[in-house]
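Please construct the entire structure, taking both the sequences and the accompanying hints into account.
Protein chains in written order, with numbering that gives the first Met the number 0: chain A, 0 to 344; chain B, 0 to 344; chain C, 0 to 344; chain D, 0 to 344.
Keep in mind the hints are simulated off the structure, nothing from the lab. It is possible that some hints are incorrect.
[Stated by the list, open to error] Distance condition first, Cα-Cα at most 35 angstroms in a straight line; then the derived DSBU-like pairs of lysine-lysine:
1. C:336 with D:300
2. C:97 with A:164
3. D:207 with A:225
4. C:164 with D:207
5. A:164 with D:164
6. B:233 with C:164
7. A:162 with C:77
8. B:164 with A:162
9. B:105 with A:306
10. D:207 with C:162
11. A:300 with B:207
12. D:300 with C:300
13. B:207 with C:97
14. B:97 with A:253
15. D:96 with B:162
16. C:233 with B:105
17. A:162 with C:97
18. C:269 with B:164
19. C:97 with D:97
20. C:105 with C:1
21. A:306 with C:96
Number of protein chains: 4
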Amino acid sequence: MKALVYHGPGKKSWEEKPKPIIMEPTDAVVKIFKTTICGTDLHIMKGDLPAVTDGRIIGHEGVGIIEEVGDSVSNFKKGDHVIISCITSCGKCEYCKKAMYSHCEKGGWILGNLIDGTQAEYVRIPYADNSLYPIPAGADEEALVMLSDILPTGFECGVLNGKVKPGDTIAIVGAGPIGMAALLTAQFYTPAEIIMIDMDDNRLNVAKTFGATHVINSGKEDAVAKVMSLTHNKGVDTAIEAVGVAATFELCEKIVGAGAHIANIGVHGKSVTLHLETLWSQNITITTRLVDTVTTPMLFKTVQSGKLDPKKLITHRFRLDQIIEAYDTFEHAAKEKALKVILTN
Amino acid sequence: MKALVYHGPGKKSWEEKPKPIIMEPTDAVVKIFKTTICGTDLHIMKGDLPAVTDGRIIGHEGVGIIEEVGDSVSNFKKGDHVIISCITSCGKCEYCKKAMYSHCEKGGWILGNLIDGTQAEYVRIPYADNSLYPIPAGADEEALVMLSDILPTGFECGVLNGKVKPGDTIAIVGAGPIGMAALLTAQFYTPAEIIMIDMDDNRLNVAKTFGATHVINSGKEDAVAKVMSLTHNKGVDTAIEAVGVAATFELCEKIVGAGAHIANIGVHGKSVTLHLETLWSQNITITTRLVDTVTTPMLFKTVQSGKLDPKKLITHRFRLDQIIEAYDTFEHAAKEKALKVILTN
Amino acid sequence: MKALVYHGPGKKSWEEKPKPIIMEPTDAVVKIFKTTICGTDLHIMKGDLPAVTDGRIIGHEGVGIIEEVGDSVSNFKKGDHVIISCITSCGKCEYCKKAMYSHCEKGGWILGNLIDGTQAEYVRIPYADNSLYPIPAGADEEALVMLSDILPTGFECGVLNGKVKPGDTIAIVGAGPIGMAALLTAQFYTPAEIIMIDMDDNRLNVAKTFGATHVINSGKEDAVAKVMSLTHNKGVDTAIEAVGVAATFELCEKIVGAGAHIANIGVHGKSVTLHLETLWSQNITITTRLVDTVTTPMLFKTVQSGKLDPKKLITHRFRLDQIIEAYDTFEHAAKEKALKVILTN
Amino acid sequence: MKALVYHGPGKKSWEEKPKPIIMEPTDAVVKIFKTTICGTDLHIMKGDLPAVTDGRIIGHEGVGIIEEVGDSVSNFKKGDHVIISCITSCGKCEYCKKAMYSHCEKGGWILGNLIDGTQAEYVRIPYADNSLYPIPAGADEEALVMLSDILPTGFECGVLNGKVKPGDTIAIVGAGPIGMAALLTAQFYTPAEIIMIDMDDNRLNVAKTFGATHVINSGKEDAVAKVMSLTHNKGVDTAIEAVGVAATFELCEKIVGAGAHIANIGVHGKSVTLHLETLWSQNITITTRLVDTVTTPMLFKTVQSGKLDPKKLITHRFRLDQIIEAYDTFEHAAKEKALKVILTN
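Right under this line is the structure:
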């Protein structure tokens, strides 16, 4: 089969690889129908994740069709259409039993990281019963690719951890794909005001069409001053960090009110400064989380019932064998006005 | 001043009464601008609430303008526009400190019940600082009358107690004003499916325009069978009882799935049968609640931000001095297709 | 092997049966070391549970040693010491993923009910990885038999569902083994007062030594009046029903204060009367639950650290081949002053 | 009357001041019976809190007897014995209604800070109905001084925010009075293991008698290594920071496991480094809080029922007019083996 293979920092190729086979009775092999590229894949390509080694097929999102299942797989059979979760869950370790699949002792985020991933014609999925989700006939499978990673990430790490409530005023710092996923799913809880902060006017304009009630270009305006003005100097109820650098996290620290939540989604490469000299008395909650994908079934229901339209996030479409070109587009997301790119096999 | 006075079962009159005065330093006197009639007022008129005695001015909802405040009132001053809460809260008893204002040792539901109420030109509000809510200039005051009672009741007793969550399938039994308030506010949490059950086709048609995804006329169809069919025999996640009779409560018992919630809003005059012989093992939660009105500030934010439009509930408008006619309309709500009637002073 | 076999109402025998074998790759066969008799087993013997058919080996509690495991069992191997959960959990259905193992689509309470149970020399455990818990060397295995069912049942259905909190006043109605399990585990949350209600003075005296701060013999005293007196007419914060008949449930309805919880543990054969005509306005929460055994690992930690001593519940000990005699003792629990009887193989 | 007066950094005196009088109808004047000195008072004395100005009577803890009440005070009357909360709550602002008294718009921590405090023969308490708590006849009033500040602070900021649960393994960093208060109240939730970390062997020995299951002298041992060893490399479920410097907060960051809580109690003068480069994926919750004293009534019940013995915290006793000597002792707490000093008027 063909697959996108990482060959060290800056090097990737679309090349022939052996088709995966069942290795454990809990495995499934899935024929990829649609996949996508994640910001994390770009980090891999830069060499930021040394655990990813030369020869690895990357990618951790996608929908497909079951090609074969191991002997103890009971939830799925050949021919079933499935969503592939970015998180592999064994279903029987201490963490899986606590619904913290991100820290599964045998799984977690391994796809396209420690084992071969989904940017390929076929992929082997360990613990298939707990790591795949069924797609009924007639569902819009392109939309469901967004349920592999980006929507549960924005929702679990940003919205749920941020305890967004009806009537709240929230800010989302970062209007990239993950910030947009938080924006879409925050509306499940009907906040009164959603302030989107970014430095790209195009993304901010898109955010407005996605439901942001206010946008702030922090490259042009004093974001702290503007948030304080919008909130009558009270600060926001929840600030969601969707970038992953110190400046944006510290911006969140400055715009939260007493009793507020800072929900970190961003993947940080460096430490940040936590201003406990002011925050110690402000009854603040700060959360971090690697997505557990425990909300995938719930998100699926909101998509099926038309309450959430994940296709809004898709800006570009390619054939799977055009993946090198798709990477090029996604690497220049601002210029290309790209959020999510879809690759069809 | 003029006021609607209860004179025993079946007897009421629009008559002259003394204008209320400040009796305690925590009181305010409010000039009524708009008020409405509650289903509970109809119960009073039938003599169902013996605590309400001859001579009582009834009514517990409304918006108005502060006429005078007692010496220790600090949140309000003459001329302020206010929402009157149906629940009086002293702010300093054990229950108020637990945000259970409904059981305030000195307040609770007393307006138009144990003390004179709001269907009058003026009303005295005890513990004004905790029992009134400010209305800023420019707000739509007619809409805000719905925040006195009906919206917090539907929301707190039905939606919050029923723990409605994104993606859920819920049923609301009873499409009267309270059921409709639950329907509108349930959507704050983006359930996937909302099944409305009633015996009045007009109300069910209105429910569809308010966001119900399915409607069942339980007078014409087997409601249990239809709910089970819609839920693939799993039952609903939450059933909200918004009528107050045994049959509707027991319907809720039959349509809930394992792990589900039954949230009672209805005012019951008789006991019901709880089928513990089947429910004991079904991980069910049943809640009751007299509205606390703790969510009034939050509901106000959702109205101000356009996320909730309470005016949808208003079907008829009268001058305050036409209140006898307004009662007549509200007493024949089904025939008149009435939900809430607004009276303007 | 030898096993206790049900042969229809009133008939049981200790007889030869085939030793169980691995039937599915997820199975384990466990050699029973210690088991016990549950009140539910007595119900089975009376014919109250028609799903239990002639020839069934009963019993759903015990500790033992792994004899053999299926190919896909990865958490256990031959020779491991294990606690057998009364609830079988597949770990991969919708309910197991929500930690509601009691409603597992392929498991739930099936041991000694729909499949052969633990009152035998060996037992087959389906979905062993999720239905057994490891016992480290040196643990007191007799004490751990109480973790199969009775302690998680008292804790999850009574204490957790009853939301017992520090400083609370709670009542437990029923001082049998389950009520005692609720009494012991309620103390994890440090309620200020625990009122134990029963009609057996011996059990009440035992309850005092287990931590009850007040006891009421409802056969001799007016339990409602006494609870109201003890609580200064406020009623209790939580009432735990640990009997399973209408009278005790309705007693709970009468002794709860505004905002309180009624947590049902009892297995009810008949419906009860729910007094919504008074409770509708009392902000009450009523819960039912079949134990999920999700707290078994947590309870194990409290036992290992000496915070909970389950051996207190054990009053009688027999050899497994004396099980007919043990049943006789347990059937006359009041006379024999029996709580839990332990059978050692 | 006599009072302890702050006269700028390093200067205090026990001197004559006017007896306070009722200034607002919501005030009470309380005759101090017993008071104590807080670590924060030492900070004031060093000049660390510039808001405290020359001439201020300091102190924010104590029990006493009502001398006089304003016209609108209804919960108390002359002669009542009361606990004085360190937090003043108006009961009617947005924050008080959310039970966040620490941020009361008219109160919060003002006693002995922005208004005169309790280290005096008399003190004026604003908003007395919401800022005092009744003491029934016969209660041990010395013990109840611990309910003014230290116990609610340890409990709310450390234990509640840290979400301590039965069976958990927790660490408390700092064995001073606040850490000890966290240690005592953490046991309300029956954690399996409580690891106390400090650099003073005497305090660690006391911690053992208060319920710590393990102690680590971080001045002599590698605390991170030892915690990891005790937790089988999993880290603790909750780390409570009870010192207020960067080193101890960062220690907490290093010893928490995936899914854990860091509950900050310490008053920090400087920022700390938050290691998001490792913690971003660890599903951590970090909380800060100025005590709200919402749990004072609950803590009172645990004291009255004998579940909590706050007198354990009292190491030294003085007459109120010996307060200069008492400060001297408390300033040398380690040498004097002092936790809390009690001053009796």
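Checklist entry - Within a Cα-Cα threshold of 35 angstroms, do residue 97 of chain C and residue 164 of chain A meet the stated pairing? => result Measuring from Cα to Cα gives roughly 22 angstroms; hence the hint holds.
Checklist entry - Given the proposed pairing of residue 164 of chain A with residue 164 of chain D, does the C-alpha separation stay at or below 35 angstroms? => result Measuring from Cα to Cα gives roughly 25 angstroms; hence the hint holds.
Checklist entry - Are the Cα atoms of residue 336 of chain C and residue 300 of chain D separated by 35 angstroms or less? => result Distance ~34 angstroms between residue 336 of chain C and residue 300 of chain D Cα, so the pair holds.
Checklist entry - Is it true that the CA of residue 207 of chain D sits at most 35 angstroms from the CA of residue 225 of chain A? => result Judged against 35 angstroms, a Cα distance of about 51 angstroms means the pair is violated.
Item to check | Hint consistency between residue 105 of chain B and residue 306 of chain A [alpha-carbon to alpha-carbon, up to 35 angstroms] | outcome: 44 angstroms, violated
Checklist entry - Is residue 162 of chain A within 35 angstroms of residue 77 of chain C, Cα to Cα? => result 46 angstroms, violated
Checklist entry - Given the hinted pair residue 207 of chain D and residue 162 of chain C, is their alpha-carbon gap at most 35 angstroms? => result Roughly 30 angstroms between the alpha carbons, so the hint for residue 207 of chain D and residue 162 of chain C holds.
Checklist entry - Are residue 105 of chain C and residue 1 of chain C close enough, with their CA atoms no more than 35 angstroms apart? => result Measuring from Cα to Cα gives roughly 27 angstroms; hence the hint holds.
Item to check | 35 angstroms limit on alpha-carbon distance, applied to hinted pair residue 306 of chain A and residue 96 of chain C | outcome: Answer holds: residue 306 of chain A to residue 96 of chain C is near 23 angstroms, not above 35 angstroms.
Next on the checklist: For a C-alpha distance cap of 35 angstroms, please report whether residue 233 of chain B and residue 164 of chain C respect it.
Outcome noted: 33 angstroms, holds
Next on the checklist: Run the distance test for residue 164 of chain C versus residue 207 of chain D: straight-line Cα separation, threshold 35 angstroms.
Outcome noted: Roughly 25 angstroms between the alpha carbons, so the hint for residue 164 of chain C and residue 207 of chain D holds.
Checklist entry - Has the given pair, residue 207 of chain B with residue 97 of chain C, been kept, meaning a C-alpha gap of at most 35 angstroms? => result 31 angstroms, holds
Hint compliance for this structure: hints 3, 7 and 9 are not met, and every other hint is.
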